[in-house]
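Since the structure of chain H is already known, use the hints to place chains Z and L on it.
Line order of the protein sequences matches chains H, Z and L. Quick note on my numbering: the first sequence kicks off at 1 and runs consecutively. Quick note on my numbering: the second sequence kicks off at 1 and runs consecutively. Quick note on my numbering: the third sequence kicks off at 1 and runs consecutively.
In case anyone wonders, no lab produced these hints; they're calculated from the structure. Each statement offered as a hint is correct.
Computed Cβ-Cβ distance ranges for the label pairs, DEER-style:
no.: 1; chain 1: H; residue 1: 194; chain 2: L; residue 2: 21; range: 29 to 35 Å
no.: 2; chain 1: L; residue 1: 288; chain 2: Z; residue 2: 219; range: 39 to 45 Å
no.: 3; chain 1: H; residue 1: 48; chain 2: L; residue 2: 125; range: 37 to 43 Å
As a list, the in silico EDC-like pairs of lysine to aspartate or glutamate whose alpha-carbon atoms are at most 16 Å apart:
no.: 4; chain 1: L; residue 1: 7; chain 2: H; residue 2: 129
no.: 5; chain 1: Z; residue 1: 237; chain 2: Z; residue 2: 250
no.: 6; chain 1: Z; residue 1: 75; chain 2: Z; residue 2: 92
no.: 7; chain 1: Z; residue 1: 75; chain 2: Z; residue 2: 213
no.: 8; chain 1: Z; residue 1: 124; chain 2: L; residue 2: 47
no.: 9; chain 1: Z; residue 1: 148; chain 2: Z; residue 2: 459
no.: 10; chain 1: Z; residue 1: 237; chain 2: L; residue 2: 159
no.: 11; chain 1: L; residue 1: 7; chain 2: L; residue 2: 293
no.: 12; chain 1: Z; residue 1: 108; chain 2: Z; residue 2: 142
Don't be surprised by glycine CBs; every beta carbon is placed ideally from N, CA and C.
For reference, the chains in residue letters:
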Amino acid sequence: MAAGATKAKVEAFGRPPAMLALLKSPSGTIGLILVAMLVIVAILAPFIAPFDPLRMASGPRLQPPSTAHIFGTDDFGRDVFSRIVFGARLTLQIGTIAVGISLTAGLLIGLVAGYGGGWVERILMRLVDVLFSFTEIVIALACLAIFGIGLTNAMIAIGIASIPFYARVTHSIVLVEKNKPYFEAAVSAGAGHVRLLFHHLLPNVLPTLIVVGTLGVSTAVLAAAGLSFLGLGAQPPAPEWGFMLSSSRDLISRAPWMMIFPGLAIMVTVLGFNLLGDGIREVLDPRQRSR
Amino acid sequence: MTLTRLLTRSVLLAGATLLTLPASAQELVWARYGDIDSLDPHRATSTLSMQVWDQIYDTLLAFDMEGKAGPNLAKSWDLSDDGLTYTFALQEGVLCHDGSPFDANDVKFTVDRALFGDNPSLTKTSWGPIESVTAVDPMTVEFKMASKFGAFLPFLADSFSSMVCDTVDAETFGSSSAIGTGPFKLVEWVKGDTVELEKNPDYKNFGKPVQNDGPVSFDKLIVKTVPEAQTRLAALKTGEVHVAEPPFDDIAAIKEEGELDIVVAENTGQNVFWEFTISRPPFDDVRARQAIAYGTDPQMAIDIIYGGLSQREWCPVAAGVFGNDQEFCKSHGYPYDPEKAKALLGELGYGPDNPLETTMFVWTGGNRHKLAEIFQAQLAQIGVNVGIEIMDIGTMNARVKEQNEMTDSDAPGTFDMMTWGWYDPDILYALWHSPGAYSGFQTPELDAMLEKTRTTIDEEERLKAVQDVIAYLMKNAAHIGLYTPGWEWVFAVRPEVEGFKVGPFLHPMFQDVTISQ
Amino acid sequence: MLRYLLKRILAALVTIWITTIAVTLLIHAVPGDPVRIMYAKFQSTPEQIEEIRQRLGLDQPIWVQYWRYMERLFEGDLGRSIVGDQPVLDILLTRFPPTVALAATSLAIAVIIGMTLGFLAAYRRGTLVDMGAMVVAIVGVSMPHFWLGLLLLFFFALELGWLPVAGSDWRSLILPALTLGLANAAVLARLTRSAMIDIFDQDFVRTAHAKGLPKTLVLYRHALRSGLVPVVAMLGLQFAYLMGGAIVVENVFAWNGVGRLAIEAVFARDYPLIQGFILFFATVVVVVSVIIDVLYAVVDPRIRYS
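So that you can see chain H by itself, here it is in the shape it has in the complex (with noise of 0.2 Å):
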C-alpha cells in the first residue's frame, strides 16, 4: 500500500548493520523469535509432535486438551497438537509460494513497465490499476473458479491476486532508479537492454522487494488459511489450520479446543510476520524510530 513511502527507505536494507539494528527495537525482535520459531518447528515437526497428524484414534475421540494430547483431541481422535506442529510446515509452503509467484510476476511486469515506459507502461499499468481495483479476495476466487478447488490451485490463486500490488512497487522503484546518475551513465555507455534491465535495475529493486515480501507472507498466510476456511483450499486429511478450523465449527460446543489452537497458530504467525515487518519499516525509517 504504502509502496512510494516504503520504496526510499527499504534500500539500506539487506545490510548487516541493519540487521542489528532490527534487533535493537521491540517488535523486530519479537517477530524475528516468533518466525524463527515458525520456522524451527516446520523443520523439525516429526520430532516434537507426538503422534502422527493423520493417525485417526491417537487418542479417545473429541477429548479436552490432557497431558497426552495437550491440545485436545479431533472427532477422528487424531491428536490437535501434532496436526497444528505440521500445519506450520503447510503454513510456509503456502507463504513462499504464494509470495514466491506474486513477487517474480510483479517484478517482471513492474521492471518492464518501468524501464520501457511509453504505451508499454501505460497498457501495462492500467492493467495492474484494474486488477488492483477488483481486490485481492475476487481474482482469488475468479482463479479458484477456473482452476477448480484444492489447496495448491488456492497458493497460485493468493499469488496470481497480489500480483498487481508487486507491479506497483517495483514500478514506483524502477521511476526513481531510472533518474539516478549511475543508470543515465549505464544508457550513455551504450549499455543493452538485457544488460540495463538485469545487471543494473534488478539488483538495485530486489533488495526492497525481499523486504515488501516477506510483509507479504502475512497477508498470503492469513488468505490461504480463510481459503481454506470456506472448503476452498486445503482438503481433508491435511492439517492446514483454516481448514483445521472449518471443521471444528459444527463442533465449537462440544469441543471449543478444535477452534481455539488453529486459530491461535495462524494469529502468532501472522504476528509474527506482521511484528518483523514493524521492525523492518522502523530500521528503514529512522524518523519513525525516534519517536
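Then chains Z and L, alone, in the frame of chain H:
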C-alpha cells in the same frame, strides 16, 4: 447453566414476551442447511427443493406410510388392456392457490411443460415413455404411453410430478411465483435466506397419510436457511426455530436433556453408494473396484459419524424401496476384508512401492466429508492413496459424468460416494441404462435387463427383473451400497410443536402440526 | 476540478470495460468444455448439450460472444444462473442489501473504535496507553476474521446466549458487523496514529501550543481536523478491504449477502453467476472509490487536480 446466563435468558424472554402480541399470527420456523434451487419442480433435483415443493404442490397419487402409491388428486385410475393408456379421474372441488379450479388442463399443462416444452424437466426420463396427455373432460385425463412402464404410478406420487396450475406466470414462475394446490401458498422467496409460506385455507387432503385432511392449524411456515449446524441448534434452544437438523455429535446430549424431540425419518429411499470412473484405469478393472469395496468398512464409519442413526445398506436401492432385500444383496456384496483387498490390488500390480493413486468425490453437508476422511484412512491401510474433493451435489453429478467422458486422460480415474433418494428401483434405469446418467458403466446386457424392469408390470416378475439387475451391478462392482439414510433425515423439534411427521421417501408433513403457546 | 472529475470517471469506466472483457474470457479459461461442465446435469444427452451451446451462443467466435454479452449487459441482462435457472442480476440485487448493511455498520464500528484508539495513542505518544493501543491494534491486524467471528459466536451466542444466531434482522447483524468492524478498526487505529503524529509534529500545532492556547482547543481546532484528511483518504482503500473481508465474514455467520453467494457459486461452478458477481463487485468497488476520491478532493482544497 450459570446464574448470569439464567438471568440474561429470563430478561430476554420477558422482553420477547412483551414484544410478541398474543393475537399475532402463528408461525412455524423450519431451518435447513441450504436453500431451495428453484420453486419450479422441473428445474431442480435437490432434496431441499423437493421438501418445499411438497408444501406448495400436490401430486396425482400419494404414498401411504408403507410407501405404496394410492389415490390423491386423482381419485381413481384405469389401465387399458394393452397396458399403454392410463385414465385418471380427478377429485372435484380442488382449488389452485389463485382460486381457479384444479382440472385436467392443469395436469396436461404440467406434463407438457415437463416433457415437450423447449426447456424440459431435469428428470424427464423418469416420467417414462409418455407419448401424449389429453384432457378428456375437465375431470378426466388420459396418458398414452409408447411402451409399458412399471414405475409410472409411484412416479406420480413423487415430488418431481408435482402438479402446477396452468395459471402460473411463465416469466416469474420458479423464481418469484408458484401456484399449486398444496397445503401452503407462496408468499415470498428471499433467495439464500427464506421461503415464506402461508396456510392455504382451501386445502383438502385426499391421500397423504395424515389425520387432518383440512387446512393446517397454523398461519405461516417459514423455511429458513441456516448453514451452520451449531447455529441451528442454538436457534432451536432459544425458540427462534421450531424444526431443524441438529449437529450429529450433539444428538446424544439433546436426547439426554430431553428438551427437544428427535424425529428420525424412516424408509427414506436414500442410497449412498460407491461408484467409479469405469472408462479408464484404474477402475476399468473390476478387481480395483472390488478392492475399494473390500477395503472400506461402512459400518464402522457410520457408527462413528452418525451413531446409530443410519444403517448399513447392502443393496443399490435403499431399504423400503421395491426390490430391496438385505440378505440377497449381502450374498452378492463385499464385506470388509482388507486382506482380500490387498490381494486384489497385488494382482493388479499395486503394492507398498506402487500405491494406487486416486481421488474420491463427495458432496458437502451431512458430515459426509467426515465419512470420507474415515474411508480415506481405511484405504491408506490397504495401500490406496486417496485425495478427497468436496463439492455440492449438482457439481458432483456433472464432474462424475465428465470423468467418465475423459476416456483418453492420463490422470487416474476417480470414484465417488454418490447418493440418490428415489421411491422406486427405476432409479437404476436412470443411472445405468445407456447413455446413463453418468455415461459410466453400460452394457447391452444390462440395457436389456433394465428395459425389462420397466416393461414388466406384474409385481412378482418385476421383482425378479429388478433383482437380476441388482445382482449384475454388484457382481461388476459398479454400484455398491454403503448405508441409508444419508441426508436431511434427522429433525430436532421444539416441545411446543406436536404432530410433525415425515412420510416415506422423506416427505415432511405439517398437516397435523399444532403449536401450543 | 471538473477536469479531475471527468478524468476519474473515465478511468473508472475503462476499468469496468476491461472487467467485462475479463469475465467473458473467464469461461474460456476453464479447462475442458464449459458447457459440459455447467450443464451436464442428470439425464442430459449430448444433443441437449449441443442445443444449450447454441442457445448460449458459445459456438460463436469469441468476439461475437463478447458483442452479444455487451448487448445483453446494456439491457440489464447478466444471463441466467445454472443452479435454479434464474436471472443473475435478480439474484445479485436481492443479495446485495444485506452486504451493504454489513459493510456500512462495520465501517461505522471501525471508524469509531479505530480512530479513537489511534488518536489516543498519538495524543499520549510513548506512554502505556500508546503501547497498549498499538499492541491491541497489531494483534487485531493479525487475527483472522473468521477466527474472531467464531470466538464471538462461541462466547456471545452459544455460551452466553445474548444474541440471536439465525435471524436476518438488526440483532443478527451485531456479531458479523462487530467481527468485521473490529478487524478493520485495528488497521484504522494504526493509520490514524501515524497521521496524527505527523500533524502533532507540524509547526502550526507547535505554534498554537507556544501561543499558550489550551491543549484541547489546539486539538480540536487544528490537529484533529487536518489529521482526519489523510485518514478519510484511506477510507477508499479501506472500503475495498472491508468488502473483501465481508465475503469471509458472511460465510461465518451465514449472513445472506453477495459474499456468501459468491462462495456458493464457486462451489457449484455456476459460471454465469460468478461472472456476474465479479462484474458487480468490481463495479461497486470502483464506483465507491471514485466517490470517495472526489469527496476527498472537495473537502481538501490542497489537492491539485493533476
